[in-house]
Amino acid sequence: MYHLWQGFSIGAVVIGGFVVVLFVYAIVRFRRTGDNIPRQAQYHLPAEVLYTVVPILVVFGLFAATLVVENKEVSNPKTNVTVDVNAFQWGWKFTYPGTETVVIGQTTQDPTMEIPVNTNIHINLTSTDVLHGFYVKAFNFSRYALPGVLNQFTLDAVKTGTFTGQCTQLCGLYHSLMFFNVKVVTMPQYSAWLAKTANPAAFAAAAKTTKQQTSTQVPTKPASSQGSN
Amino acid sequence: MTDLITPQVAHADDGHPEQEHHGPTGILKWMTSTDHKVIGLSYTVTSVVMLIIGGLFAEIIRAQLSSPNGTIVSLAQYNELFTMHGSVMIYLFAGPFAFGGLANIIVPIQIGAPDMAFPRLNALSYWLYLMGSLTMLMGFFTAGGAANFGWVAYAPLSNSINTPGAGADLWIGGLLLTGFSAIFTGVNLTATIFYLRAPGMTMFRMPIFTWNMLVTAILILLAFPVLTAGLIMLYCDRHFGTHIFSVAGGGVPVLWQHIFWFWGHPEVYILALPFFGIATEIIAVFSKKPVFGYKSMVFATLTIGALSLGVWAHHMFTTGVVLLPFFSIMSLLIAVPTGIKIFNWIGTMWRGELWFSTAMLMALGFLFTFLIGGLTGVYLASPPLDFFTHDTYFVVAHFHSIVMALVLAGMGGLYFWGPKFTGYLLNEKFGKIQFWFLFIGTQVFTFPQYILGLDGMPRRVAIYPHSPQWKSLNDWSTFGAILVGISMIVFVVNVGYSWKRYPAGDNPWDAQTLEWFTTSPPPHHNFYRLPQIRSERPTWDYNHPEHRSLAHGTGGTSTHHEPPLANAIVGMLEHDQDHGA
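Line by line, the protein sequences give chains D and G. Take the first sequence: its letter number 219 is residue 626 in the working numbering, and every next letter is one higher. Take the second sequence: its letter number 82 is residue 575 in the working numbering, and every next letter is one higher.
No lab work stands behind these hints: they were computed from the structure.
With a cut-off of at most 20 Å between alpha-carbon atoms, the simulated SDA-like pairs for lysine to any residue come out as follows:
1. Lys479/D to Phe548/D
2. Lys544/D to Pro958/G
3. Lys479/D to Pro818/G
4. Lys479/D to Phe560/D
5. Lys544/D to Gly813/G
6. Lys566/D to Asp948/G
7. Lys544/D to Arg953/G
8. Lys590/D to Pro504/D
9. Lys922/G to Arg439/D
10. Lys544/D to Gln962/G
11. Lys479/D to Trp412/D
12. Lys788/G to Tyr458/D
13. Lys788/G to Val461/D
14. Lys479/D to Leu816/G
Pair ranges (Cβ atoms, derived):
15. Tyr990/G to Met408/D: 49 to 59 Å
16. Lys788/G to Thr569/D: 54 to 64 Å
17. His451/D to Gln962/G: 44 to 54 Å
18. Met408/D to Pro1038/G: 52 to 62 Å
19. Val427/D to Pro958/G: 33 to 43 Å
20. Val435/D to Pro517/G: 51 to 61 Å
21. Ile434/D to Pro718/G: 34 to 44 Å
22. Asn525/D to Gln962/G: 20 to 30 Å
23. Lys925/G to Val431/D: 13 to 23 Å
24. Ala611/D to Leu549/G: 46 to 56 Å
25. Thr604/D to Pro958/G: 24 to 34 Å
26. Val431/D to Thr518/G: 47 to 57 Å
27. Thr561/D to Gly742/G: 30 to 40 Å
Just so you know, these numbers come straight off a predicted model, no measurement behind them. Positions of the beta carbon are idealized from the N, C-alpha and C atoms, including for glycine.
Just need the whole structure built from these sequences, with the hints factored in.
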């Protein structure tokens, strides 16, 4: 993807630079000097064909590059870890199916999604109420959380550390405060964290609310929420 | 009435017959007129007022963002402000200014028509627009405040559970009214351009501005009814429990996005094409040259119009529920005709005699700013790149480069055509001061936003408590917005200062198209007489018969006398047609 960005930037700088040079040259060179009437040239077919055909070729080049990167990005490799991410007004719930861990946080308490490094993580993204945007700057990726739709994608974090994520799609009053963190740790740390945070009661309650919420679409306060706005 | 007489007997400085039109004057004239010039002026003034209102909202937004934990407005007020900023600028300023204001005044005169095809429908358009605008703004005076779901009103945030207030309903109602106003203007422009052209004004002799307005009008007719339908569905969802966009009743929230953007992307070009037309006219006149590549310009406009109907889902790449490659290639392809336009503008300037009047500076400022907005748009057409820029300030910066380019072109249009419909020039010194504030302000407020977007600042957030490092770039952006605000003050001062001060005369710029053949302001029904129309520049041909347009490879000097072959053939065909008429 970084190479795609570079490719687009090279194209933009070369073409944009070329246009700006022509533009500035025209402004400087063809200032009015008197009341002369310049030659009234209106057409120059070869030039017109050239600046039609070349951009078409450039565009198809960019499109080809886009396709290559895009196919890689939307592919579904085999995954070992699954996280159900549920967005709601105004917070996030991260459920780890097959374990008994659930993390919930809203507005001022940013929840942290912990994932192992160098592992394909399967994300099931849903929304309880309105549209939300799952966006982690460090992953250079965002995806809408849509009510009534299960959006799935794969993440593979290549570096450990804690990264900030945020809702990018306007979702009402506290949209500006809908943060979360992604903490990327090593696999052993991740397993230890899962064991430590296992909470069967909360997990069962969260699973129940999720079911209710998706069936009625009425925002319900998550069981463990203690947030006050 | 209008006579068609040959240049041999008509002279521009002939005395004009007394104007025989006794209508009401003053406010009664404004309220009852069906004259396209009066209606167009009402549209222009109203839409500039909307620009100022929307601009004030923007200044408050920028003031709020100048601190990571800004407290100038509350979160709720902030949502209302950016919603209404976008709504006012897009629904109530940019479109109405272009196709209700300038096009309404200029298109009939450019094609030698006495008025729009349906003058009363035209008046109805204006009143619908004014009432719609007031309706939408009225939201601020309701208990729940104005609409606060963003100018795109995404379902299900816009349903009655999440946005219960009356402000949202007023927003829908206002938009329905202005939508109908736009549709009626689209009908009117299409009919006028197809049926009211003067003898000799063939399609390929229409000025580019008129061409662009024709394509705009057709896009309006294709796109706005879809928005109207969508708004009615949204209203039914809110009040009659129809569940079109709600999951609970089996509806599909994303359907709203499809409907909205099926209107919304053509709308981008409905906004842009008129301003491309304005810039084209200005650049040609102040380069003292014909529009370079006139025909490729027309085909580029048609291509943009056609492609714009097939790109709507590039606003929805990150929803995960659209086919990416199709909308990606369609969106990328729009860069081609747009690029042709940019090269044609530069080609028009090439070897010209550039006169840097305020109008020309505005048009050149448009060209540069639009180039930036266009190049960054290409990034967004690529889904993998959109995945990390979507809903960030990168997008905000991209479309503000575009719309600020349109504002520059629109201002150029006022300096260029204002003298035609008011009879008075605007002061050039104030104009140039305004240009530099507007142009520099635009770059200063958009460039930091590109960087902020790439650094991950999402749009529509009132505070950024976790990222205080964004403050300095936001401050630069705010500073730029203040410069833009000052430019608007300079504009208002200039209008006041120049009020009836500098009589313009019929053709102050040695311009080329038909509107400069008549008086400033034009009489009732626009023309006492018309010149021969043998190209897209009848006024120029009349004033400079020895300087006709040259095709590639014809004529070596500027004093070439023979018309090019193609023109000669068309001229012969026209000759027969004229004699039949």
